[in-house]
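Asks: Residues per chain, in single letters:
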Amino acid sequence: MVSVEFLGPIQIDKKEFDVKSVRELKDELYKIPELEDWLISCAIAVNDKIIESLDTPLKDGDKVVLLPPVCGG
Amino acid sequence: MVSVEFLGPIQIDKKEFDVKSVRELKDELYKIPELEDWLISCAIAVNDKIIESLDTPLKDGDKVVLLPPVCGG
Amino acid sequence: MESGKLNNMVLEIYKGGVPVMDVLNRWYDEFKLEGYGAMIPFIGIVRPDNGIDGLSFDLYLPLLTKWFEKWQNLPDCKITMAHSFGDVMVGETSFLCAVYTKHRREGFKYLEEFVEDFKANAPIWKYDLKNGKRIFASDRAKPLPQSGILK
Amino acid sequence: MESGKLNNMVLEIYKGGVPVMDVLNRWYDEFKLEGYGAMIPFIGIVRPDNGIDGLSFDLYLPLLTKWFEKWQNLPDCKITMAHSFGDVMVGETSFLCAVYTKHRREGFKYLEEFVEDFKANAPIWKYDLKNGKRIFASDRAKPLPQSGILK
Chain W
11 MVSVEFLGPI QIDKKEFDVK SVRELKDELY KIPELEDWLI SCAIAVNDKI IESLDTPLKD
71 GDKVVLLPPV CGG
Chain H
11 MVSVEFLGPI QIDKKEFDVK SVRELKDELY KIPELEDWLI SCAIAVNDKI IESLDTPLKD
71 GDKVVLLPPV CGG
Chain G
12 MESGKLNNMV LEIYKGGVPV MDVLNRWYDE FKLEGYGAMI PFIGIVRPDN GIDGLSFDLY
72 LPLLTKWFEK WQNLPDCKIT MAHSFGDVMV GETSFLCAVY TKHRREGFKY LEEFVEDFKA
132 NAPIWKYDLK NGKRIFASDR AKPLPQSGIL K
Chain Y
12 MESGKLNNMV LEIYKGGVPV MDVLNRWYDE FKLEGYGAMI PFIGIVRPDN GIDGLSFDLY
72 LPLLTKWFEK WQNLPDCKIT MAHSFGDVMV GETSFLCAVY TKHRREGFKY LEEFVEDFKA
132 NAPIWKYDLK NGKRIFASDR AKPLPQSGIL K
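Residue numbers (this note's numbering), protein chains in the order written: chain W, 11 to 83; chain H, 11 to 83; chain G, 12 to 162; chain Y, 12 to 162.
If we strip away everything but chain W, and leave its shape as in the complex, we get (with noise of 0.2 Å):
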């Protein structure tokens, strides 16, 4: 199973998902309503590394996290 962290203005609690890439991972997420304002907008971090492709393989144990929109100072 993979962790899944939603931070900041996102108020769902953590979850955990069983698949294989960001891309499984993706359509699980969009099977939640409220997050679906957020999704466009939110960087991901697995284990707590910035990814740039939805390729990017999970597995059993990995801490994946979803960034919104930050403003910092």
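No wet-lab data here; the hints were simulated from the structure. Take these hints with a grain of salt, some might be off.
Claimed, not checked - Under the rule of at most 30 Å between Cα atoms (straight-line distance), these lysine-lysine pairs were calculated in the BS3-like manner:
id: 1; chain 1: W; residue 1: Lys36; chain 2: W; residue 2: Lys24
id: 2; chain 1: G; residue 1: Lys43; chain 2: Y; residue 2: Lys162
id: 3; chain 1: Y; residue 1: Lys141; chain 2: Y; residue 2: Lys130
id: 4; chain 1: Y; residue 1: Lys144; chain 2: Y; residue 2: Lys130
id: 5; chain 1: Y; residue 1: Lys141; chain 2: H; residue 2: Lys73
id: 6; chain 1: G; residue 1: Lys26; chain 2: W; residue 2: Lys59
id: 7; chain 1: H; residue 1: Lys69; chain 2: Y; residue 2: Lys81
id: 8; chain 1: Y; residue 1: Lys26; chain 2: H; residue 2: Lys59
id: 9; chain 1: H; residue 1: Lys41; chain 2: Y; residue 2: Lys81
id: 10; chain 1: G; residue 1: Lys162; chain 2: Y; residue 2: Lys81
id: 11; chain 1: H; residue 1: Lys73; chain 2: Y; residue 2: Lys130
id: 12; chain 1: Y; residue 1: Lys26; chain 2: Y; residue 2: Lys130
id: 13; chain 1: Y; residue 1: Lys81; chain 2: G; residue 2: Lys153
id: 14; chain 1: Y; residue 1: Lys26; chain 2: G; residue 2: Lys43
id: 15; chain 1: Y; residue 1: Lys141; chain 2: H; residue 2: Lys24
id: 16; chain 1: Y; residue 1: Lys120; chain 2: G; residue 2: Lys89
To be verified - In silico negatives: residues of chain Y with every beta carbon more than 10 Å from chain H:
id: 17; residue: Asp40
id: 18; residue: Asn61
id: 19; residue: Glu103
Unchecked claim - Each pair of labels, with its calculated beta carbon distance range:
id: 20; chain 1: W; residue 1: Leu64; chain 2: G; residue 2: Lys77; range: 45 to 55 Å
id: 21; chain 1: Y; residue 1: Lys120; chain 2: W; residue 2: Lys25; range: 40 to 50 Å
id: 22; chain 1: Y; residue 1: Asp87; chain 2: H; residue 2: Glu46; range: 38 to 48 Å
id: 23; chain 1: G; residue 1: Asn84; chain 2: Y; residue 2: Arg37; range: 43 to 53 Å
id: 24; chain 1: G; residue 1: Pro73; chain 2: W; residue 2: Lys69; range: 15 to 25 Å
id: 25; chain 1: H; residue 1: Ile50; chain 2: Y; residue 2: Ala131; range: 12 to 22 Å
All residues carry an ideal CB built from backbone N, CA and C; glycine is no exception.
Assemble chains H, G and Y onto chain W, guided by the hints.
Replies: Here is chains H, G and Y on its own, set in the frame of chain W:
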């Protein structure tokens, strides 16, 4: 008489000159050997206003300062 | 205060407003004899805009630390930073950083580059505090450069 | 401390090193609720270069005040400044200023413009303190833009 003060590193005491313009003052200043190396790099203020012309008139009681190269901070 | 110190990194995270003067004082004392001729802090103060009582912040420390680490190996500049999480009231400071360089010119350059990179890439989320509510500041938020792959 | 306050001007002149943190603390408290989102100080620290024990400064206050006054009428920026005269030892601060703006970008711009104008035009003279002697720092000094009329 016009008073002339030499600022910063110029080690010359304040002097008075009987001159009617900065041009006349210039001639007097070139008579002071210790000033020779400073004059070309100095700016001049008359009554605390920096002037840009040798033709600036001077009158009795005017206060002139010579400002050698600066370096604040 | 939680302090993340990785290879001489100085990143400080505070719950609530950054105690600006305590932190600046400590930084100044620490670096004043190291040969830096210019110390340029940036102090981000919460403004009394749109009738807010303050701002509030979430941050994701693992990635914030990694982001900050990239700024720790400059040959001619040291950078320190402090940021708040949780509530920061109007007039308090939520973001403090300082660059230390030998000469002023590279200091100006690095400060601007660092703060702009911070604004674009630091994993921090800002909320307005208004009438007891915490409202995401969506109008000021920008997607990270790597966003969009879930489109 | 002699303080030249002309129409809301904040220019502070200190004998010896500027008490950086006291001054910054006072400035911060004075301006933090005035709607400035960015306060950017510049701290000029005396570096241990060329075996000096410190620097020393002369300044001509009437023209320094006039020069500074030109920076006091910006529509979107406030600037405060403190400078030393006399001896300032290594590790101490001889020049401190701060710009206050609503947003960061004009702050970066004004800070750099102000400091460069200060370096070029402020009537201040610097000396190295070395082996008990006060030696004019001629290698760092630059003629004022209006110099040369006595050529």
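Asks: Evaluate each hint against the coordinates.
Replies: Here's how the hints hold up against the structure:
no. : hint                             : verdict
1   : W:Lys36 <-> W:Lys24              : holds, 15 Å
2   : G:Lys43 <-> Y:Lys162             : violated, 42 Å
3   : Y:Lys141 <-> Y:Lys130            : holds, 23 Å
4   : Y:Lys144 <-> Y:Lys130            : holds, 24 Å
5   : Y:Lys141 <-> H:Lys73             : violated, 34 Å
6   : G:Lys26 <-> W:Lys59              : holds, 25 Å
7   : H:Lys69 <-> Y:Lys81              : holds, 27 Å
8   : Y:Lys26 <-> H:Lys59              : holds, 25 Å
9   : H:Lys41 <-> Y:Lys81              : violated, 36 Å
10  : G:Lys162 <-> Y:Lys81             : violated, 53 Å
11  : H:Lys73 <-> Y:Lys130             : holds, 25 Å
12  : Y:Lys26 <-> Y:Lys130             : holds, 20 Å
13  : Y:Lys81 <-> G:Lys153             : violated, 38 Å
14  : Y:Lys26 <-> G:Lys43              : holds, 19 Å
15  : Y:Lys141 <-> H:Lys24             : holds, 27 Å
16  : Y:Lys120 <-> G:Lys89             : holds, 21 Å
17  : Asp40                            : holds, 25 Å
18  : Asn61                            : holds, 15 Å
19  : Glu103                           : holds, 13 Å
20  : W:Leu64 <-> G:Lys77: 45 to 55 Å  : violated, 22 Å
21  : Y:Lys120 <-> W:Lys25: 40 to 50 Å : holds, 46 Å
22  : Y:Asp87 <-> H:Glu46: 38 to 48 Å  : holds, 47 Å
23  : G:Asn84 <-> Y:Arg37: 43 to 53 Å  : violated, 36 Å
24  : G:Pro73 <-> W:Lys69: 15 to 25 Å  : holds, 19 Å
25  : H:Ile50 <-> Y:Ala131: 12 to 22 Å : holds, 18 Å
Of the numbered hints given earlier, the model fails hints 2, 5, 9, 10, 13, 20 and 23; all others are met.
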